[in-house]
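K.L.:
Now for the letters of each chain:
There are 2 protein chains.
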Amino acid sequence: MPLGDRAGDKSESRYCGVETEFDDDVPQLLISNLSSGGFDFVVAPLMNPSYRPSLVQKENGCSAVLPFAGSDLILSPAQWSSHVVGKISSWIDLDSEDEILRIDSETTLKQEIAWASHLSLQACLLPAPKGTSYANYARCVHQILQGLNNMQLWLRIPLVKVDDDSTDAKSEHLVDSWDLWNSFRLLCEHHSQLSVALDILSTLPSPNSLGRWFGESVRAALISTDCFLTNSRGYPCLSKRHQKLITGFFNHSIQVVLSGKALHNVSRGGTDSPTGLNKSPDGVQSHPLRCYLDYVAFLYQRMDPLPEQERIELGYRDFLQAPLQPLMDNLESQTYETFEKDAVKYIQYQRAIAKALKDRVPDDKASSVTTVLMVVGAGRGPLVRAALQAAEETDRKLKVYAVEKNPNAVVTLNCLVRMEGWEKIVTIISCDMRSWEASEKADILVSELLGSFGDNELSPECLDGAQRFLKEDGISIPSSYTSFLQPITASKLYNDVKAHKDVVHFETAYVVKLHNVARLSPPQPVFTFTHPNKISEGSNERYKKLVFEIPNDTGAAIIHGFGGYFDATLYGDVHLGTEPSTATPNMFSWFAIFFPLRTPICVRPGSSVQVHFWRCCNPNKVWYEWCVTSPSQSPLHNVNGRSYWVGL
Amino acid sequence: MPLGDRAGDKSESRYCGVETEFDDDVPQLLISNLSSGGFDFVVAPLMNPSYRPSLVQKENGCSAVLPFAGSDLILSPAQWSSHVVGKISSWIDLDSEDEILRIDSETTLKQEIAWASHLSLQACLLPAPKGTSYANYARCVHQILQGLNNMQLWLRIPLVKVDDDSTDAKSEHLVDSWDLWNSFRLLCEHHSQLSVALDILSTLPSPNSLGRWFGESVRAALISTDCFLTNSRGYPCLSKRHQKLITGFFNHSIQVVLSGKALHNVSRGGTDSPTGLNKSPDGVQSHPLRCYLDYVAFLYQRMDPLPEQERIELGYRDFLQAPLQPLMDNLESQTYETFEKDAVKYIQYQRAIAKALKDRVPDDKASSVTTVLMVVGAGRGPLVRAALQAAEETDRKLKVYAVEKNPNAVVTLNCLVRMEGWEKIVTIISCDMRSWEASEKADILVSELLGSFGDNELSPECLDGAQRFLKEDGISIPSSYTSFLQPITASKLYNDVKAHKDVVHFETAYVVKLHNVARLSPPQPVFTFTHPNKISEGSNERYKKLVFEIPNDTGAAIIHGFGGYFDATLYGDVHLGTEPSTATPNMFSWFAIFFPLRTPICVRPGSSVQVHFWRCCNPNKVWYEWCVTSPSQSPLHNVNGRSYWVGL
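Sequences listed follow chains E and D, in order.
Numbering of the first sequence is given in the working numbering, commencing with residue 12 and proceeding in unit increments.
Numbering of the second sequence is given in the working numbering, commencing with residue 12 and proceeding in unit increments.
The reader is advised that the hints may include incorrect statements.
Each pair may be met inside one copy or between any two copies, as identical chains are not told apart.
[Said to hold, decoys possible] Okay, derived cross-link-like pairs now, PhoX-like style, lysine-lysine, Cα gap no bigger than 25 Å in a straight line:
#, residue 1, residue 2
1, Lys632, Lys121
2, Lys556, Lys141
3, Lys366, Lys376
4, Lys121, Lys556
5, Lys141, Lys555
6, Lys141, Lys272
7, Lys512, Lys376
8, Lys121, Lys555
9, Lys482, Lys408
10, Lys632, Lys545
11, Lys272, Lys632
12, Lys452, Lys408
13, Lys141, Lys545
14, Lys452, Lys366
15, Lys509, Lys376
If you are wondering where the hints come from, they were derived from the structure by calculation, not from laboratory data.
Starting from the given sequences, assemble the full structure and let the hints guide the process.
P.N.:
Right under this line is the structure:
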C-alpha cells in the first residue's frame, strides 16, 4: 500500500519497494513482502544465482530449461508488471579479464532481460559495473536497449564521491560514481529507457554534488538498513541530511527501495511505534524491515501538501513548449484567460502605476491634472483595470488609451469598458502600436510584452515603435528588464529535444517549467533593455560573454543547456521577475526558458564554463545565437536564425 | 606561369601567389606581379585600408559608394576569378572590447565578402584572429558561410607552437596556433568552405606537431621573406626543415604565397641564378620577390615525378568507397581485371605456395607425390596460375581444384583452362565453398578473401566453412592475418561523411586511399585469425581494447576516426599487407579502411586515447562496433550492426 496520501501527489514515489533474495516461490514472496510486509513491490532476482551458461551441458544441441524463478503462469500479467522489478544476477561482470566469465555474463544478461520482457515487467535493476572499465557492459546494454519493449533498465550506482580528489594523478579508485554513470550513458547515447537506481550509503557526498542527480533520470533509491541511525527509543531513523535527500527523491518521483538485513531489534506488531504508523495487523509475524518502512512512510507523510498552483502545473514539469509568437500570431481566448488570473502580477503593475502617478502629479494637483496613460498591448483589459485601480487608490485623474492589435481581444475589451462604465475614461484603439498615429502624447506607457527570457517576445522592438507617442519626460512601465542564464543538467529535456532527430530542435529555445534539473551555477545577467530608449539610433542587437564557475565540490558535471529567466523593473523599486534568487512569489505567468546544446558539454571538477549569447535582428525577425567556448567548443547554434526566430 | 611541369601533377600547388598592398589599379597590379613578376595570382586587399564604416556620413539615409579597389569591370570575370584572391582588411577585430571597432569590423567583413562574391573570386584570405577570444569572429564567418556561393574562406593562422607548455596554468599567450584553428572550425561546424592559410615563420615547431596540419584543410602557405636564409652566393634559400615542409605542401595541393619585402639584394635579371630558372626577360625591371619565386620553383622542380601507380590512384585520394560485399554480391568483370593486375600480390602467393610445396613434398618424392591444392574463391584464375607456376618452379606435381561461386567468373575460368591446356590438372567447381561436398581432401587451401581490414570480407567464416575438406595436417594460405588500427585526423573524410546528415554514414567503415590525414600514433594490432581454425567451436567474435599514446610534442589533436590496415602471413616468412611500417611495396589491391567517429574527439597534449573494437556475428551477418572511452566518451557506434554490416 502507498506510503501515504499526500494531496495532489500522484507520482510513483508513493510506492516503496524491497530488495529480496532469489526465491522460486514468487507468489509466497509477494505475500510475505507485500500483503504482510506492507511494501508495494519487490526487487527480486529472476534467475537462480548459481546458474552459469558455460556449465550447462547441451544435449543433442538443444539448450536445457533455464532456471528462472517460477514460470510466467504463477502470477497474473498484472501482478508481474506492477509488483515485480527484475533484479539481474549480481555476479555478472561483462568486462572481466576472464573470457569465460565475460561471455557467461553477456549470455545471462541477455537471457534475463528477455525473460523480464516476456513477463512485461516495468523495470529491471542492473548491477553496478564492477571495475573502472565497463565499455563492454555498456555495449551489451545498448544492444539490448535497441530491441527493448517499454521496460526501463535501472543501472545501480553507489552514491559515492570522495571529496579529496585534488590530486592530478588519475586514481584507479572510484572517486565519483557520477562519472561512472555519465560515461555509461554517453556510451548508450542518453537512451531514454536507461536510468539510475542510486545505492544510498551511510555517508553522503556534499550537497552540491548530490544536486547533480536531480538533473538525471533517477528512478529509484535503494536505501540500505546500514544508513539508519537509532533514535532514543531504539527505532531506526535517518540523519537530517539523509532525510532531506529522501524528501528530494519524493519531490522528483524517485521510488524508495529498502534493502539489507534488519539491524534494529524493535518489538514487532507493537503499537508504540514513534510514528504511530505501524500498519501490521496484530498477531501476524511482522516483516523484518517493517520498522524501516514505517520510518520512510513517516517522512513521506510529514511533507507539506503540494500548493494548489503547483498541482495545476504538475503536468507542465519538464515539458517543452514552443515560445509564443505574440507579434505574428494572435493569442487565443483561453490563453488570455490563463494569464489574467495571475493576481500577483497585476498587483505589482498597480503598485508601479500608483507610484508613477504620485511622482508625476503632486498631491496638490491631484484634482486638476489628468494623466494620459496608454496601455500598449491591452489584450482583454487587465492592465486597464490595474491602471484605473491605481488611479482610484492614489486619487489621481486618468485618461486611458487601450491599444490592441488583436481584433478578437478588442471585442472583449469593448464589452468590459461598457460593463464597467469606463466609457468616459478609456478609449480603445484597435491598431498595432508600431503603426498607430496617436492624437496626443502619453505621460505613462504601460505594457506587458515580456517573455520568459525578457526581450524574447520583442518588447524592445514594440516599445521602440510606441515611444513616438510618449512625452519627452514620459514614463515607461516597465522601465527596464534584464535576462538571466545559468548552465543546467537536464537529461529529460535533452532527450525530448533529441527525439526529433534534427538540428532545428536543438537550436530552438523552449518555454518550460524546469523541475528535473540540476542548476550548476547561479544565474548571471545577459541583456538589458531600458525604456524609453533614449538612443533612438541604438540597435537592439546585443552580445554577451558569460563565465560560470562550477563549485569545486560539485565534481564533474554535464551541461545540457541553459535555463533562462528575467527580472523587470516596473517603476522605482517595484519589480517582477522569475530569476530564482529574486523571483516574485506566487506569480505563474512565466515558466523558464531553455536553450539546449546540440552536444552536451562535460565539465571537469572546479572548471569554469565560457558561454556566448547574441541577440540578432534584421528587418523581419529577431533571433538568438549561442555557443560554448570553454571547457570545450560547441558549434555556433542557430546561425542566421536558421532554426528559431521571432517574427516582427 | 606554373612553378614547373611535374609529370602527373595536376594539383593547385603548381601555382604560386604573392601578397600585395592595396592598389586601386588592379590591372597594373596584375601586370607587374603576373606578366612581369612570374606569379600566378595575387592576394590583394579589396577595400581601401583607411575605410571605417562608422566614419562614413550617411546622406539622406543613403550609403556612400564603398571604396573598393577598382570596379568589377576593370578585369574580365575570368581574370578576377583565376588571378585574384581577396585579402580581407587586416585591421578588423570582431572581438574587440571597443564596441565601435567591433561593429565596424563586422560591417566591413560582410561588405568585403559580398564584394568578393560579386566578383566570383575563388577565395578570400581572412586575417588571423587578434586575441585569445574569437567567438564573435567565428560567428560572423559562420553566418557568412551559410549564404556563400562556392568561394573558399582561408583563415590565416600563424604556424606557431611554443614547445615548452608543460605548465598547467593557462597562459594568455598563444602557445599552439592549431588550438586556435581547431576552436574556430568547431564553432563553424567543420564547414567545408572554411580552410587554412598557414603563415610560415622562420622558426618551425616539431615535426609531430607539423604533421597535424596534413589532416586539415590547408589551402595555402604564406611564406614570408623573413623565412629565407642566404646561400654562399647571396641568394635566398630555405633551411632543410623548411624545404621538407614546402615539399609536403606541394604533395598536399597546398599553394605557396610569397609575402613580405625583398631582403636579398641579388642582381636582377641576371643569368647567374643558382637554379638557372630566372624567367624574367632581360631589360625589364624584375619583380622584387623574383629570386624567392625562383627558389620555390626550384624546390618544386626538384621533386621526383609521381610514380605511375600513384598517378592512376590520384583520383582515389581521400575518396570514400563502400567496402565490397563479395559474399552477397558477385564482383564485376572490371573489378577482377583491376585486381588481377597486382603482380606483386601474386608473386607473394607464388612464393608462399612454392615454399609450402617444398615443405610438404621432399625433393626425392617430387615426381611420385601429387599435392592436392584447392583455390577457394578462384575468381578468373590468378591464384590457379600462381599455383601452377609454383609447381613448375619447384618441380612438384599438382592437382588443382578451383572453387568459385560466381558463375560469370566460372565462364572466364573455363576459357582460361582451355586456352592454357590445363584441363588435366585443374578441375573447376562452380559452387560456394561453404556448401561444396569435395570428393577428396586437400593438402593446401589457397584463398584471397582478405579485405582492407583483414577479416572484414568474412575470410574467417568462409575458411571455417572450407576447412572441412582440408586434410588434418593440411596448410591454409594465408595461415593467419591480423588487423591494425591507428587514430587519425581527417577533416576531409569527416566532412564527406557528415554531408550525408545521418547517423548511418558515421557508423560505416569505408575503403579509402588515405592521403590528406595526420597519423597521430603508430598502428596497433586488433584481431587475429589463424587457419585452419583448430578450435572448431571457437567463435569468430572478438573484443579488443587499445590504448594509443599521442607523442607529447604533437600538442593537442583532433581524432576524426581510425585508419585500418592488415598484415597476413601467407606461409612461413612470406607475408603481405598494408600496415604502414611493414607494407608490401608496390601492391595496390588494398587501400586502407576508415572507421569514422560521430563526434570528433579532442585530445590534450600528451594524452592517451582508449578505444574499443568489437567484431560481432550472428547467423546472417558480421559487423563491427566501436567506441572511445578516453579522453572523453563517444557513443557506441553501430550497435547491433544497425548501420553497417557484411552479409553471410
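K.L.:
Each hint: holds or not?
P.N.:
Now for the hints, and whether the structure bears them out:
1. For a Cα distance limit of 25 Å, the shortest separation of Lys632 from Lys121 across copies, 19 Å, qualifies, whereas the shortest one inside one copy, 53 Å, does not.
2. In the homo-oligomer, the alpha carbons of Lys556 and Lys141 lie at most 25 Å apart only across protomers (17 Å), although the nearest pairing inside one protomer, at 42 Å, exceeds that limit.
3. When the C-alpha separation of Lys366 and Lys376 is checked against a cutoff of 25 Å, the pair qualifies only within one copy, where the shortest distance is 15 Å, while the shortest distance between copies is 118 Å.
4. Only between protomers do Lys121 and Lys556 lie at most 25 Å apart by alpha-carbon distance; the minimum there is 22 Å, versus 49 Å within a single protomer.
5. Proximity of Lys141 and Lys555 under a CA criterion of 25 Å is satisfied inter-copy only: 19 Å between copies versus 45 Å inside one chain copy.
6. For the homomeric pair Lys141 and Lys272, the shortest alpha-carbon distance inside one copy (23 Å) is at most 25 Å, but the shortest distance between copies (66 Å) is not.
7. With identical chains, the CA atoms of Lys512 and Lys376 are never at most 25 Å apart, being 64 Å at best within one copy and 70 Å at best between copies.
8. In this homomeric assembly, Lys121 and Lys555 come within 25 Å of each other (Cα to Cα) only across copies, at 21 Å, whereas the closest approach inside a single copy is 51 Å.
9. In this assembly of identical chains, Lys482 and Lys408 lie within 25 Å of each other by CA distance solely inside one copy; the values are 18 Å within and 112 Å between copies.
10. Within a single copy, Lys632 and Lys545 get their C-alpha atoms as close as 22 Å, which meets the 25 Å cut-off; across copies the closest is 71 Å, which misses it.
11. In this assembly of identical chains, Lys272 and Lys632 lie within 25 Å of each other by CA distance neither inside one copy nor across copies; the values are 64 Å within and 48 Å between.
12. With identical chains, the CA atoms of Lys452 and Lys408 are at most 25 Å apart within one copy only, with a shortest distance of 16 Å there and 113 Å across copies.
13. In this assembly of identical chains, Lys141 and Lys545 lie within 25 Å of each other by CA distance neither inside one copy nor across copies; the values are 65 Å within and 33 Å between.
14. Taking CA atoms no more than 25 Å apart as the test, Lys452 paired with Lys366 passes inside one copy only; the shortest distance there is 20 Å, against 105 Å between copies.
15. Taking the closest pair of Cα atoms, Lys509 and Lys376 never come within 25 Å of each other, the shortest separation being 61 Å inside a single copy and 72 Å across copies.
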